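Following the hints, position chains B, C and D against chain A.
Given next are the chains, with one letter for each unit.
4 protein chains.
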Amino acid sequence: MRTIDLKKKHHKFEKMIPKNKILSLFKETRSDSEHICEPLQTEDYVVQPIVDVSPPKWHLGHTTWFFEEFLLDPYLPNYKRYHDSYAYVFNSYYESIGKRVVRTDRGNLSRPSVREIYEYRHHVTSNMIELIENHFNEEFAPILEIGIHHEKQHQELLLTDIKYILGNNPLQPKYKDFSNEQLIETEKKEFIKIESGIYNIGHDSEEFCYDNELPRHRVFLEPFSICSTLVTNREWIEFINSGGYSEVMLWHTEGWDWVKKNSITAPMYWHNNNGQWNNYLLEGNTTINPDAAVTHISYYEAFAFAQWKGMRLPTEFEWEAAQSHFNHGNRWEWTESAYLPYPNYKKPDGALGEYNGKFMVNQKVLRGSSIATPANHARPTYRNFFHAPLRWQFTSLRLAKSL
Amino acid sequence: MRTIDLKKKHHKFEKMIPKNKILSLFKETRSDSEHICEPLQTEDYVVQPIVDVSPPKWHLGHTTWFFEEFLLDPYLPNYKRYHDSYAYVFNSYYESIGKRVVRTDRGNLSRPSVREIYEYRHHVTSNMIELIENHFNEEFAPILEIGIHHEKQHQELLLTDIKYILGNNPLQPKYKDFSNEQLIETEKKEFIKIESGIYNIGHDSEEFCYDNELPRHRVFLEPFSICSTLVTNREWIEFINSGGYSEVMLWHTEGWDWVKKNSITAPMYWHNNNGQWNNYLLEGNTTINPDAAVTHISYYEAFAFAQWKGMRLPTEFEWEAAQSHFNHGNRWEWTESAYLPYPNYKKPDGALGEYNGKFMVNQKVLRGSSIATPANHARPTYRNFFHAPLRWQFTSLRLAKSL
Amino acid sequence: MRTIDLKKKHHKFEKMIPKNKILSLFKETRSDSEHICEPLQTEDYVVQPIVDVSPPKWHLGHTTWFFEEFLLDPYLPNYKRYHDSYAYVFNSYYESIGKRVVRTDRGNLSRPSVREIYEYRHHVTSNMIELIENHFNEEFAPILEIGIHHEKQHQELLLTDIKYILGNNPLQPKYKDFSNEQLIETEKKEFIKIESGIYNIGHDSEEFCYDNELPRHRVFLEPFSICSTLVTNREWIEFINSGGYSEVMLWHTEGWDWVKKNSITAPMYWHNNNGQWNNYLLEGNTTINPDAAVTHISYYEAFAFAQWKGMRLPTEFEWEAAQSHFNHGNRWEWTESAYLPYPNYKKPDGALGEYNGKFMVNQKVLRGSSIATPANHARPTYRNFFHAPLRWQFTSLRLAKSL
Amino acid sequence: MRTIDLKKKHHKFEKMIPKNKILSLFKETRSDSEHICEPLQTEDYVVQPIVDVSPPKWHLGHTTWFFEEFLLDPYLPNYKRYHDSYAYVFNSYYESIGKRVVRTDRGNLSRPSVREIYEYRHHVTSNMIELIENHFNEEFAPILEIGIHHEKQHQELLLTDIKYILGNNPLQPKYKDFSNEQLIETEKKEFIKIESGIYNIGHDSEEFCYDNELPRHRVFLEPFSICSTLVTNREWIEFINSGGYSEVMLWHTEGWDWVKKNSITAPMYWHNNNGQWNNYLLEGNTTINPDAAVTHISYYEAFAFAQWKGMRLPTEFEWEAAQSHFNHGNRWEWTESAYLPYPNYKKPDGALGEYNGKFMVNQKVLRGSSIATPANHARPTYRNFFHAPLRWQFTSLRLAKSL
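Quick note, the sequences are listed as chains A, B, C and D, same order.
Residue numbering for the first sequence follows numbering that gives the first Met the number 0, beginning at 0 and increasing consecutively.
Residue numbering for the second sequence follows numbering that gives the first Met the number 0, beginning at 0 and increasing consecutively.
Residue numbering for the third sequence follows numbering that gives the first Met the number 0, beginning at 0 and increasing consecutively.
Residue numbering for the fourth sequence follows numbering that gives the first Met the number 0, beginning at 0 and increasing consecutively.
Here chain A stands alone, though its shape is the one from the complex (with noise of 0.2 Å):
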């Protein structure tokens, strides 16, 4: 997801999405990135505080360079490149096409200014409805969907860049009204048994999905049962409080290292005001809601008040299993599997599929969506992957225990 342009991309183009129908989706998506934005003030649009962390203007930028390059590029007659350094500024990791901008530099680039590159959205878009209106056909159609879908990740990179962005400034500025940002946990919490047996995994409709969700295939699952509610804030103040974050025996020996160097004692973004404990939120810093989700949480953190608590993560084959039984809960949920390619994963051809598995080693899967995921960009077979230490996406935990 996060820095990860294409990394999930083809589908099946069993059923061709209609025009009208991809102008409008096309239309809806670009507006939507700019409406993130709107509460931002310039100076927010710039700065990269981490590097998981990119500029809102980069996003910005990005998502529409990609649409210049795969589409309005080859596909737009006449059509003339709006600057020549925008390629080399908004190329992400297409390490095939050209040198790129330093991820890490990103944040030190004032230029573009916001304004420059709002210009060049709206050029990008103009052609581009020019050029769905015009000029549509069917070898680039598959290419525009997925150029939508890239841009919706990259929404729910805004939102959450913009999060880290405004929650570490030592003000901690409101980003704007945004009340339903925590996920009361009102659900009944119960565990559910799942039989073992062969289960089918991966994605099976006509609708769009990305290429690391197929091929659908079987896997055989042992009995367990897992719990319908997320790991709210009051059970996490219970870890706090029993000393989890200084058991030794609770951690992976890696995350143990990181609670160390880091001076982890708490989830991302809550903070310790004489006992008490708040925690920054969309709208501002306010104390901890106990009945909330714990949010912002890393793999390692997960992994270790699952052993607090003697249970453990489902796998994601358990979870795509029984997640039919559970609301989802607007969070990812880190999961005990590592990212791997599904058996008999094909990789796509072309330029866009350059790198469809080049980041498949050493991160993890987590499942479900979150509030930042734009509407219908999820489904119950959607594999979102980060490494085990981050925690600026809206993570948290669902627990699960073998039978």
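Don't read these hints as lab results, they were simulated from the structure.
In this text the structure is predicted, and so the values were computed from the model without any measurement.
Just to be clear, a hint being listed does not mean it is correct.
One copy or two, either will do: identical chains are not told apart, so a pair holds if it fits within one copy or between any two.
Claimed, not checked - In silico lysine-lysine, DSSO-like type, Cα no more than 30 Å apart, as pairs:
| # | residue 1 | residue 2 |
| --- | --- | --- |
| 1 | Lys345 | Lys400 |
| 2 | Lys18 | Lys151 |
| 3 | Lys18 | Lys260 |
| 4 | Lys192 | Lys151 |
| 5 | Lys308 | Lys151 |
| 6 | Lys308 | Lys192 |
| 7 | Lys188 | Lys26 |
| 8 | Lys175 | Lys151 |
| 9 | Lys175 | Lys18 |
| 10 | Lys192 | Lys345 |
| 11 | Lys173 | Lys400 |
| 12 | Lys400 | Lys151 |
| 13 | Lys79 | Lys18 |
Chains B, C and D in isolation, oriented as in the chain A frame:
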């Protein structure tokens, strides 16, 4: 394995090994470690050229400390520790027992001397024989068995670490006559088809195994085929000559970063001498044998090679299901599987079990065994694991493909 | 200079500046800082591409905080601080006053916004005018004078930091018309002989100076000669073409390590375009003018060049003794002298004097001034200082030799 | 000194040492190095616990290589190098002669073994005797003299490095009986006044000196006084107890960063044992003697202590001008002076002179000598130099003040 004492240890104690058998196994194991070190000069025992390689004298002391800490001290009447500071010097990762010499500092310690460590070894060995002969009981028998297997694991590291110490010395000294180091692939190379179905995976006999091989459980495998032989040096030279190390599209993103940062152009111990590839073997520097299995490669390299071939690595489950169809190659074979707990994996109790699952993140599983593995120490269900960039073990690659 | 607020500050208060004169100096100084920033876009105020370069908005806020902290807060009746958190955000190195934003984090702070900082400036400026006009007294007058010079120091940094921010942007944007940036060496180049003897070194008038220019004292100089002009770009290209950057014998060991580690092959802002040397100037990218004084070189490079010429850099004492014989070049000239206290140097008392000598280790003295130096801010006894590898100031080189 | 072979070497050859005298000096020097190592166990020769400390066997080999490289190879008829690879293994910093083992890798090399290095030494020593006895000429005599002094410099490092190796081992082994290691300050403590005036500084006799002591030149000194004795452990404990290590205003900024980063609370080799200060000496661990001169302090600490006393360190010129008034303390005394060339300093020609001025940046001068300095190796004009944070030499502090 590596740095990792006790990491795989508990087992089902369905069958107790008889006292005489375990005494002879103990004596033989103690003697084997010293035999491995016989060709060394005193100085070779001391150095730690990289953090993953421990000084041979540390291995000798650490395996000895294990028996003193977990057996002599609690079980031998009136036993007095040999030296106050040795628990500190030779402890490895057991934080619950006491602070330890930082791993990176092992090579900075000239004392205790090699002679003193051998005296310590002989003292502990004698007392252990006394303990086994005259105080044997069922309580400590499983710990003793683990201690023996623990030392056998370190025997493998002793040899790989010695190879690193000598093979990275500018004088390239010979270890000793070791004519069978290379694995010449004489088998007919063919792809063995394996049907889809439910396979039982994990340890199943009354013999010793580590906890990570348990419990035996069911896995569904989609159909695949797997090569009867390992990739050879000849094939690897083709990969090099075709530009495999400079073709970004073959690599994981983090593998590519590793290649660039470390200027990797060939397997470890390979040197190009005016166009001729040589490699350092335990007998000294020699020209590459093209028919030998490629050795000392990282997971990243194994993956890139398989991509180049249009194939993939097997998962550890595929490997285990298929292994009866090919000879084990005396190489550790990288698999595509991440090192994770089996369903219903149980963490052993007590001090020994302290860190059982603590390495189960961000490592890859290797299957097979190596020429450095002590006789009878490996088995088809044995799960070795290392981080993706590591190469100083006798690692190799077997190709697979989905059907 | 650089990061270094108040580092050179106290002076002999033999002559009190009249209130009206200081008021007008204050107003002019405040206005000058804002004038320097006029050509910037909002985004340019925010970024910190290297640790030595601070965001322009931080300079604007920090110099303002100084007046609030040391003058308004203690001396203006009923003054209330503008914002609770600004002391934290804009404090620099005054650890005795409170914790501060880590220097490397300045570029991560999007808030306070540029507009808010200008409002803060105007608020503080108005209150300062009120303080000076209606509450002027001799107690705070010297602190006020220091505050003004402190801001003048930051004006120099503002310009050099802006050049870095724009000059390292891939779009290489122009700052503004700045036709006199380059120093064309039109003087006749000759070596001026200076006799041996005792010279008086250090500040000697009733005008303002920093504590590090005091006390005036005697230094014996052996005979030497010093060049009437600075080294030119033409000479530097000869140095490059003769292999100066690859001849180890010309360099200090740590200079050589710096060259190798950073792949240095030319002064900062130089780019080789198919054999033609260009450099980035405040007016934008242009071809090198061979008659201009070489600029943006490190001490290491200055030393190596002098070695190549068979000469050396002058000491700061030689420079001061000889300076009346040549025009100051509007460049900071590296000297061979380390930055050390003069005999009988006195550390000023009180909070302002907190760290007076604290930079007097491992830095080299530069003499002269630069085009970025505010008018009347430099003088022949002025001692600037930077670490040997730094190049983003307008640094240059004047040759000397012993006789 | 330290890592720094040949760094101070050429001298005025006004008086040629007679052949017999230099032969006996050569033999004695070769023998002395081996005598220093006699108490070592083989393992002690091998390790390099920090980059500044070289393995003793490397010192033995490197000083030997020097004679082979610069004397036997060019001057002894038919001499054949002892081993092809030794020039590579034992070369230090002479990049013009060939690539060298990276300094940080010296402790990773178990071969050549200690025995092999002694054999190499004896081979070279014998051949050198042959050269001196039968082929002596004026061309190589000065190189021979430098080679001898070069080895004497390494003798000092041998002892300080051995102390580091043993003193940082958890077993704290004794080196040997060494009753005079501590310097008990029995002199009456008083401040000696020195008048202002022109002083001649630098070497002035026909005896050997290094190039950095030349040429003798004039320096004007303002009046000052300097203490007859060194600072004692008693005074240092007062400094500690008064909070000297936690009072930021006493320290240079970079000194303070060093204190914080390394958690420095006392001189090197000091350990606080329940409120009692111990220190490791060559005889082993013992309680602090309060009357002994404080030893193993960094320049940063020396400066902070002097600030705390309201005094300062002497410059090297003050020290040289005053030195006849006090006993040299067998400690290296930090001065305030940076290590810089004297006026009209000449770089010696040829391969030996390769890097003469190459260390003259960012180091501080130390004057005096230490208990590790070979007899007759130091003199009042001798300039030693180290980086400000280094402490493993026998460094101490003499206070001074301006009048």
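Going down the list of hints, with the structure as the test:
In this homomeric assembly, Lys345 and Lys400 come within 30 Å of each other (Cα to Cα) only across copies, at 11 Å, whereas the closest approach inside a single copy is 33 Å. Proximity of Lys18 and Lys151 under a CA criterion of 30 Å is satisfied intra-copy only: 19 Å inside one chain copy versus 62 Å between copies. For a Cα distance limit of 30 Å, the shortest separation of Lys18 from Lys260 qualifies neither inside one copy, at 53 Å, nor across copies, at 46 Å. In this assembly of identical chains, the alpha carbons of Lys192 and Lys151 never lie at most 30 Å apart, being 35 Å within a copy and 42 Å across copies at closest.
When the C-alpha separation of Lys308 and Lys151 is checked against a cutoff of 30 Å, the pair qualifies neither within a copy, at 36 Å, nor between copies, at 34 Å. For the identical chains of this complex, Lys308 and Lys192 are intra-copy neighbours only, at 18 Å inside a copy versus 43 Å across copies, given an alpha-carbon limit of 30 Å. With identical chains, the CA atoms of Lys188 and Lys26 are never at most 30 Å apart, being 41 Å at best within one copy and 55 Å at best between copies. Taking identical chains as interchangeable, the C-alpha atoms of Lys175 and Lys151 lie at most 30 Å apart only when both belong to the same chain, with a minimum of 20 Å there against 39 Å between chains.
Proximity of Lys175 and Lys18 under a CA criterion of 30 Å is satisfied in neither setting, with 35 Å inside one chain copy and 48 Å between copies. When the C-alpha separation of Lys192 and Lys345 is checked against a cutoff of 30 Å, the pair qualifies only between copies, where the shortest distance is 19 Å, while the shortest distance within a copy is 34 Å. For the identical chains of this complex, Lys173 and Lys400 are neighbours neither inside a copy (39 Å) nor across copies (52 Å), given an alpha-carbon limit of 30 Å. In this homomeric assembly, Lys400 and Lys151 never come within 30 Å of each other (Cα to Cα): the closest approach is 34 Å inside a single copy and 34 Å across copies.
For a Cα distance limit of 30 Å, the shortest separation of Lys79 from Lys18 inside one copy, 24 Å, qualifies, whereas the shortest one across copies, 62 Å, does not.
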